[in-house]
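Chains as they are written, first to last, in UniProt numbering: chain A, 1 to 346; chain B, 1 to 504.
Hints were generated in silico from the structure; no laboratory data involved.
Since we're looking at a predicted model, the values are computed, not measured.
For each residue, glycine too, the CB sits at the ideal point set by N, CA and C.
No false leads were mixed into what you were given.
If you anchor each label on the Cβ, the simulated ranges turn out as follows: (1) B:ALA301 to A:THR299: 21 to 31 Å; (2) B:ALA299 to A:THR63: 14 to 24 Å; (3) A:VAL316 to B:LEU488: 46 to 56 Å; (4) B:ALA301 to A:SER50: 11 to 21 Å; (5) B:LEU426 to A:GLN276: 51 to 61 Å; (6) B:ALA301 to A:ASP112: 36 to 46 Å; (7) A:ALA200 to B:ARG338: 50 to 60 Å.
Partial chain B-side listing against chain A, Cβ under 8 Å, derived: (8) ARG41; (9) ARG43; (10) VAL189; (11) GLN203; (12) TYR204; (13) GLN205; (14) SER206; (15) ILE364; (16) HIS368; (17) GLN372; (18) GLY456; (19) SER469.
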Amino acid sequence: MRMRIGLMSGVALATAAVLTVAGCSDSGSDNATDSGAANQITVYNAQHESLTQEWADAFTAETGIEVELRNGSDTELGNQLVAEGDQSPADVFLTENSPAMTLVENAGLFTDVNQDVLDQVPSQYRPSSGKWTGIAARSTVFAYNKDQLPQDQLPKSLLDLQDPAWKDRWAASPSGADFQAIVSALLELKGEDATRQWLAGMKDNVRTYKGNGAVMKAVNAGEIPGGVIYHYYWFGDQAKTGENSNNVALHYFKNEDPGAFVSVSGGGVLKSSTKQDAAQQFLKFVTGQKGQDVLQTGTSFEYTVGNGVPANPKLVPLAELQAPQVDPAKLNSPQVTELMTEAGLL
Amino acid sequence: MPLPLAVAAVIVVAASFIPLGYVIAASIATGWDTASALLFRPRVRQLLSNTVLLVVVTVPICVIVGVLAAWLVERTRAPGAKVWAVLLAAPLAVPAFVNSYSWVTAIPSLGGLSGGVLIATLSYFPLVYIPAAATLRRLDPAVEESARALGLGPWAVFFRVVVPQLRLAIAGGALLVSLHLLAEYGAFVFIRFDTFTTAIFEQYQSTFNGTAATMLAGVLVLLCLTLLVIESVVRGSARYARIGSGAARRVVPAELGWRYSPIVLAFLGVLIAASVGVPVVSVLRWLVIGGSAVWEWDAVASALVQTLGFGIAGAVVTCVLAFPIAWISIRHTGRFSRFLEGGTYISSSLPGIVVALALVTVSIRYLHPLYQSVAVVIAGYALLFLPRALVNLRAGLAQAPVGLEETAQSLGLSPLSAFFRVTLRLAAPATAAGGALVFLGVVNELTATLLLAPTGTRTLSMRFWSLSSEIDYAGAAPYALIMIVLSLPMTYVLFSQSKKVAGL
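Chain A with its partners taken away, still in its complex shape:
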C-alpha cells in the first residue's frame, strides 16, 4: 500500500512538473489563451498572410488594438466558423474570395456591417445584404508561356479549356479557394450541367499544382504552356526579381466570359464577437483610405475597392476587364466542393 501511494505521488509530482512546463510554453505562444483581452481582436484570415499582416500592423499602430491572425484557406475557415457557431473565438473573418463569406452569412453568423464602413465601398463590390463587405478584388487570367503559346492559339473562353485539344496543356490549383471561386462563378453564370461537364473535361486535361504561385512557376519554367490563376501573382513577381514570371504573359478573357470573373475578397464581423466596436473599426480601417493605400502602393497588387482609391497604376484598370455580372452573395461554396469532389479534382 505504501508503495502505491509512493508511485501515485511520483506521478503527481511529474504531472505538476509537466504543467509548469506547459504553462511556460503557453506564455511563449503568447496570447494563445488570453484572446479575451480587451484590446485585442482575433481575425480568421484566409487572405494572404503577408497582406493581412500589413493591414494589422498599420491598424495596431493607429488604434493600439492588437490583431491576432489565425491563417487558413477560405473554405476551411468558413466551415470552421460554421462548426464553431456562436462559440467562435473569432471577431473578424477575411477571405480571398466571396463564396466562403456567403457560407458564413447563410449560417446567420455575421452581424450587420456598420453603415459608415459600407459607405466606403461602391455597391457592386459588396453583397446587397450588407452582412459583409468587399475589401479587395482580383481578376482571373490565363497565364501563358510566351515561347510556347503564340497569341492566336490562346483560348477565347475559359470554357475552351475542356476541349481535348487542351489535354496536358494547362494547369490550375483546384484545391485552392481562388480556383473554387472561379468555378462558383461558372456555376452561377452557366448552371450546374455545364459546370459538371466543364469539370469533367478539366479533369482529363489539367495538371494540378498546389497554389497559384506554383502554377505560374511551372508555366515560367516551360513545364506546361498555360494556367488559370489570378492576375497579381505575375505583377508581384515582376516587382521583385521576375525569376518566376519573365517568360510569362497574361491573357485577359474579357467579353463577360466566366474567365473574366473578378472575385471580391470579403470581410465581415461575427455576431458572436464580444468586441463589436474594435472589429468594426478594423473593417473600417481596411476599406478606408489607409487600408486601400496598402493595396494601391503595397506589394500585393490586388485591386482596390474603396471609394476614391484607384488601383495600382501598373494594373489593367478594373473597368476595362469586361467582367461578367455576378452577385457575390449568390456564389455557392458547398455545391462547388461537391461538384469538384464528384469530378475527382478533390
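With the hints as your guide, set chain B onto chain A.
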C-alpha cells in the same frame, strides 16, 4: 500490480484510441450510401494506387540501401567507416519536407512517383540503417564461421546466415518507413504527388473536417493496420538472442582492398551528398540569395521559442504518460501488459492528419474549453509519439534491477524515495533518449500542428510551410536551417542510444 498505475495505463491507452474510434463512429454515422459513394470513386482508386505503389517501391529500396550501408560500415574496413557510421544517421535531422523543398529547388520538374520515391528514400533509409547497424554490431561471428566451415561461400553466408538474423531490424525499420510514407504531407505536396494524406488535407481545407476527409482517413487507417499485421507476420516468432554463457566475440571486419574501396566510397559519398548535401547546400544557397533581409529576427525568435516550448512540453508529457505502461510491461509481464502495448502500437500508427482531425472534432463538440488550446496540441503529440517514449522507457526500467530498489527500502528509504533515488536515476538516460526522440518528432511535425495549434501559434515548421507555399523560398530558408540544427543533436542521441536498445 499497483492499481493507480494500472488505471493510469488503461486511461492512456483508451485515450490513444480516440482517433480510431472517431473514424469508425463517423463512418457509421455517415451511412452506407454516402460512405460508399465517397469510397468507391475514381479519385480514391487513384490515391490508393499512388499510395500503395509508393510503399511497395520505396520500402525495398530503403531496406537494400539501409542494410548495405550498415554492412559496409560495421563489417568492412571501408575508409572512414566510423565517420560514415554517424553521417548515415544524419538525414533524419532533415525534415522530409525540407528535403523535398531542396530537391525541387535543384530540379524543378521533379514530381510524380519517381520523385516521391527519391525524396522518401533519402529521408527515411536511416530508419532501416540504424537498427540494422546496431544488430550487425552485436551478431556473434561464431555462427558465420560455422557456416563457412560447413562450406558456404561469402555471399551464401551473407544471405543465408546474416540477413535472417537481421529480420527483426529490417521488419521494424521497414514498418517505420511505411508508416512515415503514409503520414508524410509536405514532402509530397512540393513534388505534386498525391497520397491519401495530401488528399485528406486538401479535403479538410475545402470543408474543415467533412465526411469526404473522414472517409479517406478511414482508408488510410486500414492501410496502416494492414502494415502492422504484415510486420508481425514477417517478424515471426523465431529466437534471435544468444543462449547460454559466454560473450560474443567482436567481428573482424573484411578488407575491401584497392579494387572495392573506391566503389564503396562512391556509394556512401553519393548517398550522403544526396540526402544531406543537397538540402544543406540548397538552404545555404537560399540564405545567401535572401541576404540579411530574410532574417526577421522577431519572427524567427518567436517561432524558435514556441517550437522549443511545444517540443519540451510534448516530450515531458509523453514520457510521463508512457511511464505507467512501461512500468507494467517490465514489472508485470502478462496478458494485460501485452494488451496495453498492442493498443498503443495500433493507435500510434495513425498519421498525424487523422489524429488531428479527430481531436478537432472531439474538442469542438465535447470539450469546447480545450478547443484550440495548447493542451489539445500536446495531447496530439502525446498520441503520435507515445511509442518513441515507451520503447526507451522500457529499456531503461528493464536495466534497473528491482532488487536495488528493495535493498534501498530495507535500508530505510521510503518506497517513494527509493524509487526516485534508485530506479528513476538508473532509468534517466533512457528516459532522456525517449524524450529527445519525441522532441525531434514535434520539431518536424507539420499537419497536426497546422490543424490543432492555438490562434497565433507559429512554430518553425508552420513558418517554413507558410513561406515556402507562397514560393518565398529564400524567406523559408532560415526556418529550414534552424530545424536542421535543432534536430542534429537529437539524431545523434537516437544513433548512440540504438546500440544500447539493440543490446536488450
